[in-house]
Amino acid sequence: MSLTLAEKILSSKTGSRVEAGDIIVTSVDLIMAHDGTAPIAINQLKELGLNVFDPSKIILVLDHATPSPKETVSNLHKMIREFAWKNNIKLYDVGCGVCHQILVENHVNPLTVVLGADSHTCTHGALGAFATGMGSTDIAVAMGYGQTWLKVPHTYKIKIDGKLPPHVYSKDLILTIIKKITASGATYMSMEFQGSTLKHLTMEDRFTIANMAIEAGGKTGLFPVDETTIKYLANTGRSTNIRLEPDPDAYYQKELELDATQLQPVVAAPDQVDNVHPVSELEGQEVNQVFIGTCTNGRLSDLQTAARILKGNKVNSRVRLIIQPSSAKIYLQALKTGLIETFIEAGATVNPPGCGPCIGRHLGILADGEICLSTQNRNFKGRMGNPNSKIYLSNPEIAALAAVKGYITNPTK
Amino acid sequence: MILKGRVWKFGDNVNTDEIIAGKRLLTLDFNEIAKYAFEAIDPEFTKKVKPGDIIIAGDNFGCGSSREQAPIVIKKLGVSAVIANYFARIFFRNAINIGLPLIEAPGAYQIINEGDIIEVNLTEGVIKNFTTNKEIRFKKIPKFLTEILAEGGVINYLRKNGEFKI
Chain A
1 MSLTLAEKIL SSKTGSRVEA GDIIVTSVDL IMAHDGTAPI AINQLKELGL NVFDPSKIIL
61 VLDHATPSPK ETVSNLHKMI REFAWKNNIK LYDVGCGVCH QILVENHVNP LTVVLGADSH
121 TCTHGALGAF ATGMGSTDIA VAMGYGQTWL KVPHTYKIKI DGKLPPHVYS KDLILTIIKK
181 ITASGATYMS MEFQGSTLKH LTMEDRFTIA NMAIEAGGKT GLFPVDETTI KYLANTGRST
241 NIRLEPDPDA YYQKELELDA TQLQPVVAAP DQVDNVHPVS ELEGQEVNQV FIGTCTNGRL
301 SDLQTAARIL KGNKVNSRVR LIIQPSSAKI YLQALKTGLI ETFIEAGATV NPPGCGPCIG
361 RHLGILADGE ICLSTQNRNF KGRMGNPNSK IYLSNPEIAA LAAVKGYITN PTK
Chain B
1 MILKGRVWKF GDNVNTDEII AGKRLLTLDF NEIAKYAFEA IDPEFTKKVK PGDIIIAGDN
61 FGCGSSREQA PIVIKKLGVS AVIANYFARI FFRNAINIGL PLIEAPGAYQ IINEGDIIEV
121 NLTEGVIKNF TTNKEIRFKK IPKFLTEILA EGGVINYLRK NGEFKI
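If you read the protein sequences in the order shown, they are chains A and B.
The opening position of the first sequence corresponds to residue 1 in our numbering, with each subsequent residue numbered one higher.
The opening position of the second sequence corresponds to residue 1 in our numbering, with each subsequent residue numbered one higher.
Read the hints as simulated data drawn from the structure, not as lab findings.
A couple of the hints might just be wrong.
Result set (DSS-like, lysine-lysine): computed pairs, CA atoms no more than 30 angstroms apart in a straight line [to be verified]:
#1 A:K381 with B:K76
#2 B:K23 with A:K78
#3 A:K381 with B:K50
#4 B:K143 with A:K179
#5 B:K23 with A:K329
#6 B:K48 with B:K9
#7 B:K160 with B:K48
Based on the sequences and whatever the hints tell you, model everything.
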């Protein structure tokens with residue numbers, strides 16, 4: 001039988017041929033939790049009566065409310081730090097960045113199983129890892145046993161051909177896919193990306209796409225391991241000979257084909273990620289806040305795109321523009337290449353690397369009735385801390401343009 | 001396992017931010033957090049819901065974040081089970097792991113109204129609506145997951161079994 005990427009990785013992990021629908025127990029190569037999920041995991045591990053099975057396979061990241069906005073959070077941070085120190089676990093403390101960016105920059109390898117106590121763990125699938133989000137208790141079990149149980153997922157094949165037109169980014173591609181298959185179209189499934197467009201997509205583009213697999217309900221979002229992957233891994237100290245692609249006649253439960261050349265810039269309107277419209281339909285929508293950052297679109301190329309728009313321009317006097325690099329590494333690159341200077345001169349404010357306003361804990365909570373245009377992955381009611389506000393989602397170019405104009409603007413005009 | 005209770009009805013795509021907002025997760029005091037469950041949908045919900053009540057929703061209940069506090073607050077409110085056409089994957093695992101019964105029963109939404117008194121028989125795979133005298137069958141969850149639920153969650157299950165018995 002021919003295998004999908006998910007079946008190949010999980011077969012390789014378990015040492016036996018597994019196929020969609022099988023319930024398996026697999027060893028785990030990397031386990032991640034952050035300040036939103038680690039405290040419950042630590043307590044559950046204690047309940048299990050176990051110690052961590054292998055500290056070198058666990059990564060803890062403080063990113064969800066950093067630096068701490070409140071004493072209760074400070075106490076949780078302290079709990080996580082003390083657990084990491086006691087167990088000799090690698091800890092990325094405040095300011096290092098968003099957990100998913102830190103993991104793809106430093107730790108994830110192809111053909112591995114990565115579990116993260118965060119739904120956007122699917123991001124790491126861009127590197128050919130079976131990476132999936134779970135809750136704190138599942139993570140505690142993995143920390144203690146080094147194993148987890150999984151149902152081998154069926155696969156949704158997404159085949160994209162052709163080159164993206166100008167002003168159309170990977171964000172527009174994934175938002176268009178989610179619009180077509182809906183917010184639950186890939187529930188319980190692995191989304192596997194294929195087609196001639198892939199060779200035009202950088203690793204940063206692929207992270208953006210894989211990151212949003214969960215917004216269609218996907219268990220993971222997988223890319224083949226090709227030249228682009230190998231080069232990225234080599235440049236970040238992870239040389240590998242592993243190549244990974246699906247078998248030509250693997251079985252796909254669902255399939256979608258897209259012509260990349262026909263895509264246009266899009267915006268997701270409140271309050272569902274699949275409420276996607278061509279930007280032309282939403283032109284003129286006023287915004288109070290623009291946020292450029294997150295595990296979806298806070299990488300160097302995203303900041304470069306924003307800087308191209310902001311250079312020599314000013315943020316509209318009725319808009320706050322918040323920019324948040326996804327990791328300290330990206331922050332430093334942005335600083336050295338003058339992007340941060342461009343942002344400050346334009347009147348933006350720059351947050352320290354982390355999740356920031358995306359999750360509504362602090363650093364940019366909206367007022368009643370306010371509208372935010374964000375490069376993040378979710379526009380759920382109340383997501384940014386106030387259920388009486390509204391969130392639109394877009395690529396960084398549309399976001400930066402809106403910050404300057406004060407309203408959603410079509411970049412192709 | 002038989003559960004009987006009064007029904008609260010929600011729509012499609014109820015996400016974890018709506019079940020419990022990110023801004024409420026700044027403490028491990030779950031009784032405190034539970035006061036804010038479903039506030040974005042119905043700020044009065046936590047005052048109205050009673051222990052033993054059952055939630056029924058449409059498609060994709062629990063979509064969004066991996067926050068385990070979502071099923072935790074539902075359980076803290078005393079809700080005995082959640083029925084939906086289907087659940088988002090991470091929420092499904094989280095609920096089973098903490099011992100909150102979930103029932104995937106496509107079609108139940110159409111025969112059950114808010115306030116109805118229903119009985120869910122997890123062993124037989126049947127929901128009975130005492131208010132309308134209608135009945136619907138559902139596909140039982142895998143035995144392995146029923147065993148986790150029977151132990152009150154995966155922690156107790158593993159303490160008893162020492163491993164996953166699949």
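Hint check:
no.	hint	result
1	A:K381 with B:K76	holds, 23 angstroms
2	B:K23 with A:K78	holds, 19 angstroms
3	A:K381 with B:K50	holds, 25 angstroms
4	B:K143 with A:K179	violated, 36 angstroms
5	B:K23 with A:K329	holds, 27 angstroms
6	B:K48 with B:K9	holds, 13 angstroms
7	B:K160 with B:K48	violated, 37 angstroms
In summary, the numbered hints that this structure violates are 4, 7.
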